[in-house]
Every structure is written in structure tokens, then in C-alpha cells.
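Line order of the protein sequences matches chains A and B.
First residue of the first sequence? That's 0 in numbering that gives the first Met the number 0, and the numbers climb one at a time after it.
First residue of the second sequence? That's 0 in numbering that gives the first Met the number 0, and the numbers climb one at a time after it.
By construction, these hints were calculated from the structure, which means they are not laboratory data.
Worth double-checking, as some hints may not be accurate.
What the hints assert, rightly or not - Partial pick of chain A residues on the chain B-facing surface, computed with a CB cut under 7 Å: (1) L68; (2) Q74; (3) A81; (4) M82; (5) T87; (6) Q98; (7) G100; (8) Q113; (9) T117.
Bear in mind that the values here come from a model prediction, so they are computed numbers and not experimental data.
Heads up, the beta-carbon is just placed ideally off N, CA and C, and yes, glycines get one too.
Protein chains: 2
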Amino acid sequence: MALYVQKFGGTSVGSVERIKAVAEKVKRFRDEGHQVVVVVSAMSGETNRLIELAGQINDEPTPREMDMLVSTGEQVTISLLAMALQKTGVPATSYTGAQVGIRTDSAHTKARIQRIETDDLREDLAEGQVVVVAGFQGVDEEGNITTLGRGGSDTTGVALAAALKADECQIYTDVDGVYTTDPRVCSKAQRLETITVEEMLELASLGSKVLQIRAVEFAGKYNVPLRVLSSFEDGPGTLIIADQDDEDSMEEPLISGIAFTANEAKLTLLNTPDVPGVASRILGPIADANIEVDMIVQNVAPAGDYTDFTFTVAKGDYKQTMRILKEQVLPDLGEGELRGDDNIAKVSLVGVGMRSHAGVASRMFRTLAEENINIRMVSTSEIKISVVIDEKQMELAVRALHRAFGLDKEDVESE
Amino acid sequence: MALYVQKFGGTSVGSVERIKAVAEKVKRFRDEGHQVVVVVSAMSGETNRLIELAGQINDEPTPREMDMLVSTGEQVTISLLAMALQKTGVPATSYTGAQVGIRTDSAHTKARIQRIETDDLREDLAEGQVVVVAGFQGVDEEGNITTLGRGGSDTTGVALAAALKADECQIYTDVDGVYTTDPRVCSKAQRLETITVEEMLELASLGSKVLQIRAVEFAGKYNVPLRVLSSFEDGPGTLIIADQDDEDSMEEPLISGIAFTANEAKLTLLNTPDVPGVASRILGPIADANIEVDMIVQNVAPAGDYTDFTFTVAKGDYKQTMRILKEQVLPDLGEGELRGDDNIAKVSLVGVGMRSHAGVASRMFRTLAEENINIRMVSTSEIKISVVIDEKQMELAVRALHRAFGLDKEDVESE
Numbered sequence: 000m001a002l003y004v005q006k007f008g009g010t011s012v013g014s015v016e017r018i019k020a021v022a023e024k025v026k027r028f029r030d031e032g033h034q035v036v037v038v039v040s041a042m043s044g045e046t047n048r049l050i051e052l053a054g055q056i057n058d059e060p061t062p063r064e065m066d067m068l069v070s071t072g073e074q075v076t077i078s079l080l081a082m083a084l085q086k087t088g089v090p091a092t093s094y095t096g097a098q099v100g101i102r103t104d105s106a107h108t109k110a111r112i113q114r115i116e117t118d119d120l121r122e123d124l125a126e127g128q129v130v131v132v133a134g135f136q137g138v139d140e141e142g143n144i145t146t147l148g149r150g151g152s153d154t155t156g157v158a159l160a161a162a163l164k165a166d167e168c169q170i171y172t173d174v175d176g177v178y179t180t181d182p183r184v185c186s187k188a189q190r191l192e193t194i195t196v197e198e199m200l201e202l203a204s205l206g207s208k209v210l211q212i213r214a215v216e217f218a219g220k221y222n223v224p225l226r227v228l229s230s231f232e233d234g235p236g237t238l239i240i241a242d243q244d245d246e247d248s249m250e251e252p253l254i255s256g257i258a259f260t261a262n263e264a265k266l267t268l269l270n271t272p273d274v275p276g277v278a279s280r281i282l283g284p285i286a287d288a289n290i291e292v293d294m295i296v297q298n299v300a301p302a303g304d305y306t307d308f309t310f311t312v313a314k315g316d317y318k319q320t321m322r323i324l325k326e327q328v329l330p331d332l333g334e335g336e337l338r339g340d341d342n343i344a345k346v347s348l349v350g351v352g353m354r355s356h357a358g359v360a361s362r363m364f365r366t367l368a369e370e371n372i373n374i375r376m377v378s379t380s381e382i383k384i385s386v387v388i389d390e391k392q393m394e395l396a397v398r399a400l401h402r403a404f405g406l407d408k409e410d411v412e413s414e
Numbered sequence: 000m001a002l003y004v005q006k007f008g009g010t011s012v013g014s015v016e017r018i019k020a021v022a023e024k025v026k027r028f029r030d031e032g033h034q035v036v037v038v039v040s041a042m043s044g045e046t047n048r049l050i051e052l053a054g055q056i057n058d059e060p061t062p063r064e065m066d067m068l069v070s071t072g073e074q075v076t077i078s079l080l081a082m083a084l085q086k087t088g089v090p091a092t093s094y095t096g097a098q099v100g101i102r103t104d105s106a107h108t109k110a111r112i113q114r115i116e117t118d119d120l121r122e123d124l125a126e127g128q129v130v131v132v133a134g135f136q137g138v139d140e141e142g143n144i145t146t147l148g149r150g151g152s153d154t155t156g157v158a159l160a161a162a163l164k165a166d167e168c169q170i171y172t173d174v175d176g177v178y179t180t181d182p183r184v185c186s187k188a189q190r191l192e193t194i195t196v197e198e199m200l201e202l203a204s205l206g207s208k209v210l211q212i213r214a215v216e217f218a219g220k221y222n223v224p225l226r227v228l229s230s231f232e233d234g235p236g237t238l239i240i241a242d243q244d245d246e247d248s249m250e251e252p253l254i255s256g257i258a259f260t261a262n263e264a265k266l267t268l269l270n271t272p273d274v275p276g277v278a279s280r281i282l283g284p285i286a287d288a289n290i291e292v293d294m295i296v297q298n299v300a301p302a303g304d305y306t307d308f309t310f311t312v313a314k315g316d317y318k319q320t321m322r323i324l325k326e327q328v329l330p331d332l333g334e335g336e337l338r339g340d341d342n343i344a345k346v347s348l349v350g351v352g353m354r355s356h357a358g359v360a361s362r363m364f365r366t367l368a369e370e371n372i373n374i375r376m377v378s379t380s381e382i383k384i385s386v387v388i389d390e391k392q393m394e395l396a397v398r399a400l401h402r403a404f405g406l407d408k409e410d411v412e413s414e
């Protein structure tokens with residue numbers, strides 16, 4: 000007998016039929032003798048419907064009232080799923096985040112879980128109940144309803160699994176696992192049997208939107224075995240495991256996956272004075288405007304006193320960032336020239352294997368050169384190399400790198 | 000400065016525009032220096048939508064899960080109204096039934112309020128906040144969400160007014176007050192300035208669906224001044240006052256209003272043995288089937304040993320009641336003959352004034368006789384006389400009685 004926490008996202012519970020299908024799936028696990036806690040999101044479209052309603056009334060509602068509003072979405076799903084389970088003969092009880100005791104801080108719309116009271120859950124499970132918990136939501140010390148931010152249901156699932164010491168947290172989505180890259184771009188992409196938490200974090204933050212990044216962090220921190228599976232077809236999915244020891248890394252493939260995004264824009268300040276504090280003088284006003292910066296590269300000019308400073312932001316923030324640089328930063332720096340480009344793409348290789356292997360970068364650059372792809376910016380971390388290229392060459396780059404690093408389906412089959 | 004509890008029903012908050020209009024109305028009271036607690040129902044149609052969703056999944060869901068589901072309806076409204084108030088510059092905070100501490104028993108879908116914790120509300124009011132509370136819902140001792148049954152938002156409003164010792168509980172509806180009878184049937188019906196709790200109870204139970212009967216009982220019990228007003232137009236509405244002393248009754252009009260319904264059916268058992276317990280042997284199986292009986296009349300037959308027993312039930316229960324009588328009651332009684340009629344109407348005169356006036360009944364019967372309306376059944380209480388007549392004569396009877404008892408608009412104006 001195992002204890003599973005199973006999380007189903009909005010698409011998986013997007014209709015009455017889907018909710019019934021989830022109930023059947025949960026019932027199969029319970030019939031095998033397992034204990035099951037189910038975490039669900041709002042039915043797909045429901046959260047947006049509520050946000051739209053709010054928008055028609057107040058363009059700046061207090062975050063507390065937004066949480067009060069959107070938290071109804073999951074509350075509808077938990078009761079419907081409990082009813083669907085009851086219909087199949089499975090005793091089930093639903094709980095809101097507040098009822099189950101998911102205590103958070105008071106940062107409405109982006110609250111963080113502080114602790115979970117699991118006594119009631121354990122009692123219900125011992126009685127043979129399936130427990131259905133509203134994802135994405137909690138309650139602060141004053142009893143206000145909070146939400147964890149979009150995608151927070153994954154975090155609820157992992158946090159519950161950690162608190163209950165569950166055998167596995169299963170995240171059911173509309174894909175059947177984590178892929179080496181997006182199959183829509185590269186037809187030879189393949190599902191990974193396992194991936195490390197660290198790699199998953201890099202892939203998630205780079206745009207493979209399978210799992211919420213906080214949920215993966217949480218799983219890593221509390222050693223929760225995390226599995227991504229499809230709601231719609233049976234299969235083993237991808238198991239996300241704790242980072243492996245270096246000894247194992249010889250058997251690791253060099254690269255686990257290739258992430259990419261065309262949703263960034265690049266800004267460069269040329270010939271700025273190379274004095275201490277210049278970076279913060281550039282990025283300070285950007286941060287003040289709550290614009291998130293992704294890649295940052297600074298080259299010291301050969302001549303000495305001048306430097307080129309380049310960074311990327313989300314495409315949606317591009318115009319505002321340009322304006323801030325023009326109006327607030329350039330006058331302050333006294334010198335320098337501003338350039339921007341929002342027709343770029345970022346392509347990243349991710350893999351713990353590259354830690355112990357030299358030559359990943361050079362093979363990457365050579366592969367891109369062979370395809371006549373010009374590299375505009377490079378940034379590296381221990382298990383990741385990212386390059387910025389022209390947006391129109393993105394898919395070509397992904398496919399070439401996928402082949403060059405031995406990730407293509409046929410390569411594996413022929414091994 | 001007064002403290003008002005204002006309750007707005009589903010139609011009054013049925014759209015974004017209506018919610019904004021409610022916010023404007025509440026703001027006007029607050030701008031005059033009053034403290035306001037607002038109680039709201041789910042947006043009209045929302046509760047039915049949720050019940051329909053549930054019906055597609057499970058035709059017999061547990062009442063606990065039904066409450067979990069439908070309570071989201073009011074939660075949506077409270078947050079939207081709080082946002083609308085904030086938009087007009089009025090600080091507002093919303094609370095679910097559980098958050099405000101509306102403690103109920105655990106009778107899901109028809110729970111009763113046991114107590115209300117008002118500390119948080121008072122604090123918010125003292126800070127100048129408008130407090131928006133979800134009607135219709137509460138929480139039991141174990142933290143389960145409960146609902147008070149359809150129309151329970153009125154009860155929430157009155158209970159909050161009682162707990163807060165509010166100066167007035169204002170129930171905003173789609174009518175501008177309580178009328179002497181239904182204006183759609185009698186064009187000369189007029190709005191009452193005041194009505195006693197007792198009269199209101201008789202009118203409500205007889206089919207004038209302005210207020211939930213439990214709310215009126217509650218108001219009477221706790222001496223809460225209750226006012227019915229229109230959400231859509233300004234006006235004084237009708238004030239529902241505690242029952243007046245007998246000394247005042249000389250100034251009372253004889254009759255306050257005329258209620259009527261065509262939604263009942265009549266069943267008669269003729270020539271049943273007149274032995275002790277016969278009534279319970281007839282009504283026992285009806286009660287066991289959860290069918291509510293309204294009027295009951297028993298005539299002792301002149302000959303002695305036999306009696307005629309007549310009662311009414313809701314029209315929708317007519318066929319089932321007939322079947323129960325045929326299959327379970329008649330064989331048990333040994334003798335008797337069953338008759339039924341579902342083409343009847345009940346017309347009732349209500350007024351505390353009739354307590355001290357003889358002759359109301361005779362004037363009623365004379366009026367009906369003059370219109371050639373045959374009376375099929377009579378039942379009286381201290382402040383009410385009801386007659387059962389043919390359904391097709393109902394409107395004629397209402398108009399004739401309205402005129403005969405001096406309720407017509409012109410009569411009042413000529414006084």
C-alpha cells in the first residue's frame with residue numbers, strides 16, 4: 000500500500016466528462032489498495048472568467064479580494080470531483096485550502112506556504128476516504144484566503160506530499176512527461192524516463208512549462224519523488240529525482256534537454272563608463288519598475304574605461320524598458336549608446352552531465368556555425384548554456400542541436 | 000449615525016452593472032455617516048448553474064459537497080461587490096460565512112444559525128470599512144461549510160442585524176414593498192407602510208414570496224426592525240414591525256392583505272370511521288413520504304360514527320399523495336371513499352385587526368356569494384381566514400375581497 004498525492008490541472012478537470020475520467024483514474028489506484036490525496040485546479044477557463052469579471056468592475060482590486068474571488072474556482076472543482084468519486088462508490092471528502100490547514104503568509108496572489116496541518120487528512124485516509132484538496136490556495140494567520148499564484152496547484156501537491164511523507168507526488172498534465180525538447184518544434188524529441196531536479200529547474204525556468212518551478216524546488220528540498228504523467232493516456236511519465244552524485248555522472252547523457260523561448264528582447268548599452276556601480280545604475284530603475292531581467296552579459300571594452308552592457312527582458316516589457324533606459328539611465332550615465340532588439344530567441348542546453356564534460360560549449364557553437372546561425376549573446380551556468388540568436392533561426396537551431404547532442408529518437412534506438 | 004444591515008438578493012446583484020449600482024447605493028448611506036454591513040446572495044442564475052453541474056455528475060451527491068459547491072456563488076458576489084465599493088472610494092472587506100463566524104448546526108443544505116461572532120465585523124466597522132458578508136452560508140463546529148437553504152440570505156441579514164444590534168435590517172428585492180395583494184392580479188393593490196411580523200408570517204407562508212419566513216420569525220424573535228425595499232428605485236418600502244398591543248388595534252385596518260395560491264390540491268376521505276387516531280393513520284404515511292400538508296379540515300358526520308377528512312398538499316405532491324392514500328391508508332381504514340381535486344385555489348385574508356372584529360368571516364362569505372363563488376373548504380386562525388375555491392374563480396375572488404375590505408387604492412385616497 001502506497002500513499003499517492005495526485006494533482007490534476009485545469010485541462011484535466013476542464014469538463015464534467017473530464018472530472019468523471021479523473022474519478023475513474025483515482026478509483027483504480029484506490030482499488031489497488033493505495034491511499035490517495037487528490038489536488039485539483041480550477042476548471043480550465045474558470046480562473047480567467049473570474050479575473051475578467053473583476054476587471055469589468057475594478058481595474059485595481061485589492062489582492063485580498065482577488066484571492067477571495069478566484070479561490071472559488073478550485074472550490075467548485077473539489078466538490079464536483081468528490082461527487083464524481085462518490086458516484087463511483089468511493090467515499091470522498093473535499094477540503095478548501097483553508098479547511099485543510101494550508102497556512103501561508105499574507106502575500107495575497109503570490110503567497111508562500113508556511114505549514115500544513117495534516118491531522119484531519121490522515122484521519123480521513125485511515126477511514127478509507129479519498130481526500131480532495133483545492134490546489135493553489137491557503138489561508139493566512141488572520142483567516143484571509145490567499146492564493147499561491149498561477150500554477151500554484153503543483154506547489155500544493157508537492158507540499159502536501161512532503162507533509163504527508165507520501166510515496167510519490169504525481170502531477171497529471173496534458174503531456175505524457177518531460178521531453179528532450181518541444182515535440183512541436185523537433186519531431187525527434189523524446190520523453191525522458193528520469194530527470195534531475197536541477198535540470199528540471201533549468202528547463203522550467205527556460206520555458207518548458209510542464210511544472211511550476213516552485214513545485215520542483217519544493218520537491219528537491221523535501222526529497223519528494225515527483226512524477227509528471229498524462230491525464231489522458233496511461234504511461235510511466237517522467238520521474239524527477241534528487242540530484243545525483245558525481246560518481247553517477249559518467250553514465251549521464253551529456254545533455255538532458257533543449258529549452259527555447261522567443262519571448263524575450265535584448266537591450267544593449269554600448270560604451271558606458273566602466274566605473275563601479277554602473278550595473279546597478281542601469282538595472283536599478285528597471286527593478287524599480289518591477290521588470291524582471293533574465294540574461295545579463297557585460298564585456299569590458301579592450302580599451303579599458305568603457306564597457307558594453309547587455310541584458311534581456313520579457314518581450315512585453317521591451318518598450319517600457321527602452322523608455323526607462325532612455326529617460327532615466329542614459330542621462331545619468333552621461334555617455335553611452337542604446338540599442339535594442341526584440342526579434343531574438345534564446346536556446347539553452349541543459350544537463351547535469353555537462354558539469355564533468357568539457358567541450359559542450361564548443362560543440363554547441365560549432366553546430367550553430369555549421370547552420371550559419373550567428374550567436375548574439377552567451378550565458379552559462381553549471382548545468383546550462385544559453386545562446387541568444389535571431390528569432391527566425393530558433394527552430395533550426397533547436398533541431399540541429401537536438402541531433403548533434405544525440406537526443407534524436409533514432410539515435411537512441413540504434414544504440 | 001445608524002448601523003444598517005442591507006441585504007441584496009440574486010437579481011439585485013445579477014450582473015456587473017447591478018453590482019456597481021448596489022455599490023453606489025451603499026456608498027450613499029456611508030456618505031451620510033452610517034455604518035453599513037452588506038449581505039449578498041449569489042448572482043441570479045449562478046446557484047442553478049452549479050446545481051446543474053452537480054446533477055450531471057451525481058444525482059445524489061452528499062449534502063456536504065453540495066454546500067461546498069453552491070457556497071462559491073455568494074463568495075464570488077462578495078468579492079466583486081467589495082471591489083466595486085473600493086472602486087467608488089469606499090474601503091470594503093468581504094467575508095465568507097465561515098470567516099465572519101456564522102456558526103450553524105451540521106444540517107447541510109438546511110442548516111440553522113446557532114451564533115455569530117461579530118468581533119471582526121465591529122472592528123472593521125469602527126475603522127470605517129463597509130463589510131460585505133456572504134449570505135446563505137455558515138460553518139459548523141468541525142469547519143464544514145453549510146448552507147441555510149434557499150432564500151437563507153434573508154436569514155443571514157436578520158441574524159447579523161440581531162447580533163450587531165443594528166438599527167434596521169433592509170431587505171432589497173425586486174418589489175418596492177409588501178402589497179395588500181399581488182398587483183398583477185389586482186391593479187388596485189397598494190403598498191403597505193407597515194405590517195406586523197405576525198401578518199407578514201401569514202402572508203409569506205401563503206405565497207407572497209417577498210421574504211423568507213425564517214427571516215421574519217427571526218426578526219420578530221429578536222426585535223429587529225425589518226424593512227423591505229426595492230433595489231431598483233428609491234422609496235420607503237414596507238417596515239415590518241413587532242406585533243402591536245391590543246389597544247392600538249382599533250386604529251388597525253381590519254385586513255392588511257390578501258394572499259392567494261393556485262399551487263395546492265385537495266384530497267378528501269369520505270365516510271371514514273370516526274375513531275381515535277384516524278387522523279394520524281391518514282397523515283402518518285403522508286408525512287413519512289416527506290409531503291407537507293397545509294390546510295386540514297375534519298367534519299364529524301351528523302350520524303355520529305363517520306367523519307369526512309379533507310386536507311391540501313402542494314400540487315406537485317398530488318399524485319403521490321393520492322397513491323399513498325389508495326395503497327396504504329384506505330385498506331388500513333377498512334372503509335371510506337377517496338376524492339381529490341387539483342383545480343383549486345386558496346384565498347386568505349390576513350390582518351391582526353380581525354382579532355377584535357367579529358364579522359370578517361361573514362363579510363368574506365357574503366362577498367364571495369355575491370360573485371357566485373362556491374366555497375369548498377374553510378380554515379381559520381386568529382389573524383387569517385382561508386377559503387378554498389375553484390381555481391378559475393381565484394382572481395375574481397381576490398379583486399372582490401380587495402374592494403369589499405376597503406383595500407383598493409381609491410378607497411384609501413377618498414378617506
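Each hint, compared with the structure:
no. : hint : in the structure
1   : L68  : holds, 4 Å
2   : Q74  : holds, 5 Å
3   : A81  : holds, 5 Å
4   : M82  : holds, 4 Å
5   : T87  : violated, 9 Å
6   : Q98  : holds, 6 Å
7   : G100 : violated, 9 Å
8   : Q113 : violated, 19 Å
9   : T117 : violated, 15 Å
Violated hints, listed in ascending order, are 5, 7, 8, 9; each of the other numbered hints is respected by the structure.
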